[in-house]
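As they're listed, the protein sequences go chains G, A, V and P. The first sequence: position 93 = 93 (our numbering), numbered continuously. The second sequence: position 123 = 123 (our numbering), numbered continuously. The third sequence: position 186 = 186 (our numbering), numbered continuously. The fourth sequence: position 310 = 310 (our numbering), numbered continuously.
Think of the hints as simulated: they come from the structure by calculation, not from any bench. These numbers come from a predicted model, not from an experiment. Take these hints with a grain of salt, some might be off.
What the hints assert, rightly or not - No farther apart than 30 Å at their CA atoms in a straight line, the calculated lysine-lysine pairs in the DSBU-like style are these:
1) Lys-10(V) - Lys-67(G)
2) Lys-10(V) - Lys-229(P)
3) Lys-67(G) - Lys-3(V)
4) Lys-229(P) - Lys-3(V)
5) Lys-96(P) - Lys-67(A)
6) Lys-68(V) - Lys-68(P)
To be verified - What follows is a list of derived Cβ distance ranges for each label pair:
7) Ala-203(V) - Ser-170(G): 16 to 24 Å
8) Lys-229(P) - Lys-98(G): 41 to 49 Å
9) Glu-160(A) - Gln-251(P): 52 to 60 Å
10) Ala-177(P) - Glu-17(A): 31 to 39 Å
Every residue, glycine too, gets a C-beta built ideally from N, C-alpha and C.
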Amino acid sequence: MSSSMPRVEFVVRTMAETVLRNEEYFGQLDAVVGDGDFGYSLARGFEIVLNDFDTFDRSSIAAFLRKIGMVIASRVGGTSGPLWGTAFLRAAAAAGDKTALEPEDAVAMLRAAAAGIQQRGGASLGEKTLLDALVPAIDRLEAEIAAGAAPVELARKAAETARQAAEATSALMARRGRASYTGERSIGSPDAGAVAVGVLAQAIADRWSGAVGG
Amino acid sequence: MSSSMPRVEFVVRTMAETVLRNEEYFGQLDAVVGDGDFGYSLARGFEIVLNDFDTFDRSSIAAFLRKIGMVIASRVGGTSGPLWGTAFLRAAAAAGDKTALEPEDAVAMLRAAAAGIQQRGGASLGEKTLLDALVPAIDRLEAEIAAGAAPVELARKAAETARQAAEATSALMARRGRASYTGERSIGSPDAGAVAVGVLAQAIADRWSGAVGG
Amino acid sequence: MMKKFVNDPKQFVPEMLQGIALANPDRICYVPQYNLIMRSGAPDDAKVSIVQGSGSGHEPAHVMVVGKGMLDAACPGDVFSAPPVDYVYETIRRLKSQKGVLLLVNNYTGDRLSFDMAREMAEAEGIRCETVIIDDDVAVSGSTHTVGRRGVAGNFFVIKAVGAASECGAGLDELAALGRRVNSVTRTLGIALSSCTPPAKGAPLFDLGGDEIEVGIGIHGEPGRRRDKLVPASAIVEMILDAVVPDLPYQSGDDVALMLNGLGGTPLSELYLLYGLAHRRLAGRGIRVRRSYVGEYCTSLEMAGASLTLVKLDDQLVSLLDAPADTVLRIF
Amino acid sequence: MMKKFVNDPKQFVPEMLQGIALANPDRICYVPQYNLIMRSGAPDDAKVSIVQGSGSGHEPAHVMVVGKGMLDAACPGDVFSAPPVDYVYETIRRLKSQKGVLLLVNNYTGDRLSFDMAREMAEAEGIRCETVIIDDDVAVSGSTHTVGRRGVAGNFFVIKAVGAASECGAGLDELAALGRRVNSVTRTLGIALSSCTPPAKGAPLFDLGGDEIEVGIGIHGEPGRRRDKLVPASAIVEMILDAVVPDLPYQSGDDVALMLNGLGGTPLSELYLLYGLAHRRLAGRGIRVRRSYVGEYCTSLEMAGASLTLVKLDDQLVSLLDAPADTVLRIF
Ligand SMILES: Nc1ncnc2c1ncn2[C@@H]1O[C@H](COP(=O)(O)OP(=O)(O)O)[C@@H](O)[C@H]1O
Ligand SMILES: Nc1ncnc2c1ncn2[C@@H]1O[C@H](COP(=O)(O)OP(=O)(O)O)[C@@H](O)[C@H]1O
Ligand SMILES: [Mg+2]
Ligand SMILES: [Mg+2]
Ligand SMILES: [Mg+2]
Ligand SMILES: [Mg+2]
Chain G
1 MSSSMPRVEF VVRTMAETVL RNEEYFGQLD AVVGDGDFGY SLARGFEIVL NDFDTFDRSS
61 IAAFLRKIGM VIASRVGGTS GPLWGTAFLR AAAAAGDKTA LEPEDAVAML RAAAAGIQQR
121 GGASLGEKTL LDALVPAIDR LEAEIAAGAA PVELARKAAE TARQAAEATS ALMARRGRAS
181 YTGERSIGSP DAGAVAVGVL AQAIADRWSG AVGG
Chain A
1 MSSSMPRVEF VVRTMAETVL RNEEYFGQLD AVVGDGDFGY SLARGFEIVL NDFDTFDRSS
61 IAAFLRKIGM VIASRVGGTS GPLWGTAFLR AAAAAGDKTA LEPEDAVAML RAAAAGIQQR
121 GGASLGEKTL LDALVPAIDR LEAEIAAGAA PVELARKAAE TARQAAEATS ALMARRGRAS
181 YTGERSIGSP DAGAVAVGVL AQAIADRWSG AVGG
Chain V
1 MMKKFVNDPK QFVPEMLQGI ALANPDRICY VPQYNLIMRS GAPDDAKVSI VQGSGSGHEP
61 AHVMVVGKGM LDAACPGDVF SAPPVDYVYE TIRRLKSQKG VLLLVNNYTG DRLSFDMARE
121 MAEAEGIRCE TVIIDDDVAV SGSTHTVGRR GVAGNFFVIK AVGAASECGA GLDELAALGR
181 RVNSVTRTLG IALSSCTPPA KGAPLFDLGG DEIEVGIGIH GEPGRRRDKL VPASAIVEMI
241 LDAVVPDLPY QSGDDVALML NGLGGTPLSE LYLLYGLAHR RLAGRGIRVR RSYVGEYCTS
301 LEMAGASLTL VKLDDQLVSL LDAPADTVLR IF
Chain P
1 MMKKFVNDPK QFVPEMLQGI ALANPDRICY VPQYNLIMRS GAPDDAKVSI VQGSGSGHEP
61 AHVMVVGKGM LDAACPGDVF SAPPVDYVYE TIRRLKSQKG VLLLVNNYTG DRLSFDMARE
121 MAEAEGIRCE TVIIDDDVAV SGSTHTVGRR GVAGNFFVIK AVGAASECGA GLDELAALGR
181 RVNSVTRTLG IALSSCTPPA KGAPLFDLGG DEIEVGIGIH GEPGRRRDKL VPASAIVEMI
241 LDAVVPDLPY QSGDDVALML NGLGGTPLSE LYLLYGLAHR RLAGRGIRVR RSYVGEYCTS
301 LEMAGASLTL VKLDDQLVSL LDAPADTVLR IF
C-alpha cells in the first residue's frame with residue numbers, strides 16, 4: 001500500500017486553512033461565555049504551520065505530526081496551545097513507524113489525541129469541552145469502519161456526528177476552562193472548542209475526495 | 001416713598017428660584033462648548049441664598065445685597081462665583097444708603113454690576129459672555145425709563161431685549177471663558193451666561209406685578 | 001470601530017512592551033522573541049528568581065511590576081491568553097538561578113497548562129522550580145466548579161511579599177510557602193460597569209445594558225457570576241463586603257490590607273470614593289485597615305469597574321508589604 | 001443612566017476626599033469644610049507652602065499629589081469647577097508660612113479669578129503670596145484667543161520641580177521663578193477618544209461618533225480644537241509631535257522629559273504603546289528622552305484619551321525631577 005503522507009498533509013493543511021478562515025467565528029463563539037481569544041490563539045499557531053509547511057520534517061508521519069504538535073504547543077497561547085499541541089504529539093506517537101495508515105490506525109491516533117487532551121486538561125466527557133465533539137466523532141468513525149463504509153463516507157459520517165455533538169453542548173453547563181466561571185450562564189450556547197472540532201471535521205470531509213481521492 | 005426692600009428681596013428670591021429651576025438647562029447650555037458646570041455652580045450658591053434668606057442682614061439694601069454677593073463670591077466655584085458675586089457687591093455699593101430706589105437707581109446699580117463683571121473678567125462686549133445680554137438690557141431699561149414706561153413695562157421690555165440679545169450671541173465667536181478654547185466651533189450656539197441673564201430677567205418680569213404691584 | 005490607540009492589533013503587545021523597554025532602559029531588559037521583560041541584572045544566583053506570566057491586558061500586571069522587590073521577569077501572552085509554553089520555558093531558562101525559580105501562576109487552565117509543561121521541560125534540564133497558584137477570587141466557588149477559583153488582583157500581594165522576602169535571600173521552599181500563605185489569606189471580588197474590547201477582536205466581549213453591572217467578574221472580560229442592576233456606590237460596597245468578608249472569614253479584631261483596584265476605565269476619584277466607603281464599613285465590622293492600596297493593579301484593558309481585595313495581616317506580612325520596591329510601574 | 005461608582009452626585013467630591021483621608025492617615029490632614037487636603041505637619045515655617053487648586057475630576061491632580069516633595073495643600077472645587085474663593089482663602093490662611101505661600105494656578109478664567117480674589121484677601125492680612133500661572137497646552141494659541149493657553153498635564157512638572165526645591169529651603173521668589181521657568185519649557189497636547197460624564201450632569205459632555213476623535217482637548221470635557229477621524233496610533237503620535245515639537249521649539253540635540261498622560265479611561269497598555277512610538281520618533285528628530293512618565297497625572301474623569309507633554313531638560317531640572325517625593329498617589 002502506498003504512503004499515507006499526502007493524506008496526513010492534506011488533513012493538517014485543511015485544518016490549518018479552516019482555522020484561519022474561521023478565526024473570527026471561533027473567537028465570537030468563545031466570547032459568549034469565555035474570553036474571545038480562541039480563534040485568535042489557534043490562528044496564530046496554524047498560521048505558522050501553513051507558513052513553514054514545506055520545511056517540516058517528512059521523514060515519517062510521526063515526525064511530521066510531532067513537528068506540528070511542537071509548533072502548536074509552544075507557540076499557541078491560552079488553553080488551546082497545550083491541549084491541541086498535546087493532541088498532535090500523541091497522535092504522532094500512536095502513528096509509530098507506520099508509513100501507510102489504515103482507517104483503524106486513524107482511529108487509534110485520534111483516540112491517543114483525545115486521551116492526551118483528557119489527561120493534560122483533566123476534563124471528563126460532558127464538561128462542555130472540545131472532547132464532547134471529538135470523542136463521539138471517533139466513536140462514529142469506528143462504528144462506520146466496522147460497518148464497512150468507504151473512506152469518503154467515513155469522513156462525512158464522523159463530521160456529521162462531530163457537528164451534532166458540538167451543537168448538543170449547548171445544553172451542558174461548562175465545568176472546565178474559563179466558561180465554567182459563569183456557571184449556569186454557560187448553558188444555552190455551544191462550546192467554542194467543540195464547534196471548532198465539528199467545523200474542522202466537516203472541512204476535511206468536504207475536501208476529502210477532491211484532494212486525495214476516495 | 002416707601003422702602004424698596006421688598007422689591008429687592010423679590011428680585012433676589014426670583015433669581016435664586018429661577019436659577020434652581022433651570023440648573024439642568026443652564027448646565028446643558030454650558031456643555032455645548034463649555035464644561036457643563038454653569039447651572040450646577042450657580043445653583044449651589046443660590047441654594048444657600050434661599051436657605052439662609054431670612055437670616056441675612058436687612059439693615060439696608062446695600063447690606064442685604066452685599067451679603068448675597070459674599071455668599072455667591074465665596075461659595076460658587078468656577079468663573080461664575082467671582083463674577084456674579086462681584087456684580088452683587090458692586091450693585092450694593094451703588095445703592096449706597098438709599099432705602100427707596102427709583103428706576104434710575106436700578107439702572108445705576110445694574111451699570112455698576114456690569115462694570116464689576118467687566119473689570120474682574122476682562123471681557124469686552126461682543127466676546128460672547130453674559131455681558132452681551134446684560135448690557136443691552138440695561139440700555140433698553142434706560143431708554144424705556146426716558147420714554148416714561150411703567151415699572152412692569154420696564155421689566156418686560158428689558159427682559160425682551162435680554163432674551164433677544166442672548167439669542168444673538170449664537171452668531172458670536174467666544175473670546176472669553178472656557179468656550180473660547182473651541183474657537184470657531186463656539187459659533188452657532190448661544191452663550192450660557194447670556195441665556196441665563198435673559199431667563200432671569202424674564203422671570204422677574206413675569207412675576208413683577210403679581211409679586212410687588214405695578 | 002474600536003476606539004483605541006493601536007496600530008496593527010497583532011502588534012499590540014509587542015508595541016506596548018517596546019514602550020516599556022524604552023521608558024525603563026536601566027531597570028529592565030526586553031527579549032522581544034518571547035515577550036520577555038526581565039529585571040536588569042537578573043538572574044542573580046544570590047536570589048530566587050520570581051517569574052509571573054499571564055495574558056496581557058492586565059497592566060500593570062505583570063510586565064510593569066518587574067523590578068527590585070517584585071518580579072524578576074514576566075512573560076505575557078497575547079491579550080487575555082496565557083503565554084505559549086516556549087515563552088515560559090525560555091523565561092525560566094534565562095532566569096535560572098542557583099537558588100531556584102519561583103513560578104507565580106494565576107489559577108486559569110491556560111496558564112497552568114503552559115507553566116506545567118514549561119516547568120517539566122526546565123526541570124528536565126536540572127533547573128529547580130516551585131509553583132505558587134494564586135486563586136483569590138471569591139466569585140468562583142471552589143467546590144461546584146472543579147477548575148477552582150481564579151487568580152485576580154490579590155496576586156499583587158503575593159508578588160510583593162515573595163519579592164520582598166527574596167531580596168533578603170529567602171530560599172525557594174520558604175518563598176513558595178510564603179506565597180501560598182499570602183494567597184490563603186487574600187480574597188477578592190470584582191464588579192464591572194462595562195465590558196472591554198481586546199484589540200484583536202475589535203468589539204466588546206459582552207454587552208451590558210445602561211443600568212446593568214456584572215458581579216463577580218474575572219479579569220479577561222469573561223462575564224461575571226450574575227448581572228445586577230446598578231445601585232449606589234454604598235450598596236455596591238456592602239454587597240462586595242458581604243461576599244468577601246465571610247469567605248475567609250475576616251473577623252472583628254483582624255488587621256487587613258484593603259485594595260481598591262481599578263479594572264482599567266474607572267478613574268481614581270471613584271476608586272477613592274469606594275475605598276472610603278469600604279474602610280468605614282470594615283471599621284463598623286471591627287476590622288481595621290492597616291495598609292491601603294488604591295489604583296490600578298490588575299486590569300481588564302479599559303473595562304470600567306473595580307475589585308476589592310482584603311488581606312489578613314500579621315507583622316511579618318506588613319513589613320514585607322512595606323519593604324521598598326522599584327518597578328516599571330512608578331510615578332516619578 | 002450614568003455608569004459610575006457614586007452615591008449622591010453632590011457628595012462625589014467630599015466622598016472621594018474622605019477616601020483619600022482614610023487611606024492616608026499619616027500623610028495628610030483633611031478639612032472637609034473647604035475640600036482641603038493638607039500635608040501632615042504643614043505649614044512649616046522653614047519651607048514655602050505650595051498650594052494648588054483647581055476643579056475636581058483631574059485626579060491624581062491635585063489632591064493626590066499632596067505630600068513630601070510635591071504640594072503642601074490642594075483645595076479642589078466641584079468637578080471641573082474652580083474652587084470657590086473662600087476655599088482658596090482659607091487654604092492660604094492655614095498654609096501661611098514665614099517663607100510665604102506659592103500659588104500654582106492653571107490658566108483658566110475661573111481658577112485665576114478665585115485665586116486672585118483669595119490672594120488679595122490673604123495679602124490684606126499680611127500673608128506673602130506669589131502666583132505661578134501654568135499654561136502648557138499648545139492647542140490654544142495665545143495670540144488669537146485672549147484668555148491664553150490652558151494649563152494641563154504639564155502642571156505635574158512645575159509641581160515636582162518647585163516641590164523638590166522647596167524641600168531644600170528655596171525662597172518664595174526663587175520658587176516662583178523656577179515654576180515659571182519650568183512652565184516656559186513645557187508643552188502639551190491632548191487627544192480624546194471619548195467624552196466624560198460629570199456626576200452632577202449624569203450624561204456625557206459631548207458626543208463623539210464611533211470613528212471620531214477630539215484633537216486639542218482640554219481637561220474639563222470641553223470639546224477640543226477640532227474633530228478628526230480616528231487613525232492608527234502611529235499617525236496620532238506623529239500629529240501630536242507635529243504640534244508640540246515646533247511650538248517651543250524642541251530641537252535636535254535637546255534632552256527632554258516625555259510624559260504620556262492618560263485622561264482617565266485609557267489603559268496603561270495603550271499609554272506605553274504611545275510612549276514607545278513617541279520616544280522613537282523623537283529620537284528620529286534628534287531629541288533625546290532622558291526622563292519618562294507614563295500613566296495618569298492629570299485626567300478628565302473617565303475620558304478615554306491621552307496627552308503628550310515635553311519638557312526641555314537641563315541638569316538642575318533633572319535633579320529636581322529625580323528628588324524623592326511621597327504623596328497620596330503611590331503604588332506601595
Ligand atoms: N480543561 C479542558 N480540557 C479540555 N478542553 C478544554 C479545557 N478547558 C477549555 N477547553 C476547551 O478550550 C476552549 C477554549 O480555548 P481557549 O479560548 O484557548 O481557552 P482560554 O481562553 O480559556 O485559555 C473551550 O471552548 C473548550 O473547548
Ligand atoms: N471673562 C469673562 N467675563 C465675563 N463673563 C464670562 C467670562 N468668562 C466666562 N463668562 C461667562 O461665564 C459663563 C460660564 O460660567 P461657568 O460655567 O461658571 O464658567 P467656567 O466653567 O468656564 O469656569 C459663560 O457662559 C460666560 O457667560
Ligand atoms: Mg478563550
Ligand atoms: Mg462652565
Ligand atoms: Mg484566553
Ligand atoms: Mg467650570
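So, going through the hints one by one against the coordinates:
1. Lys-10(V) - Lys-67(G): Status holds; Cα separation ~24 Å.
2. Lys-10(V) - Lys-229(P): holds (22 Å)
3. Lys-67(G) - Lys-3(V): Cα-Cα ~39 Å, so violated.
4. Lys-229(P) - Lys-3(V): holds (11 Å)
5. Lys-96(P) - Lys-67(A): holds (27 Å)
6. Lys-68(V) - Lys-68(P): holds (23 Å)
7. Ala-203(V) - Ser-170(G): 16 to 24 Å: At 22 Å between Cβs, range holds.
8. Lys-229(P) - Lys-98(G): 41 to 49 Å: Hint violated: Cβ distance 59 Å, outside 41 to 49 Å.
9. Glu-160(A) - Gln-251(P): 52 to 60 Å: At 58 Å between Cβs, range holds.
10. Ala-177(P) - Glu-17(A): 31 to 39 Å: With a Cβ separation near 49 Å, Ala-177(P) and Glu-17(A) fall outside 31 to 39 Å, so the hint is violated.
Hint compliance for this structure: hints 3, 8 and 10 are broken, all remaining hints hold.
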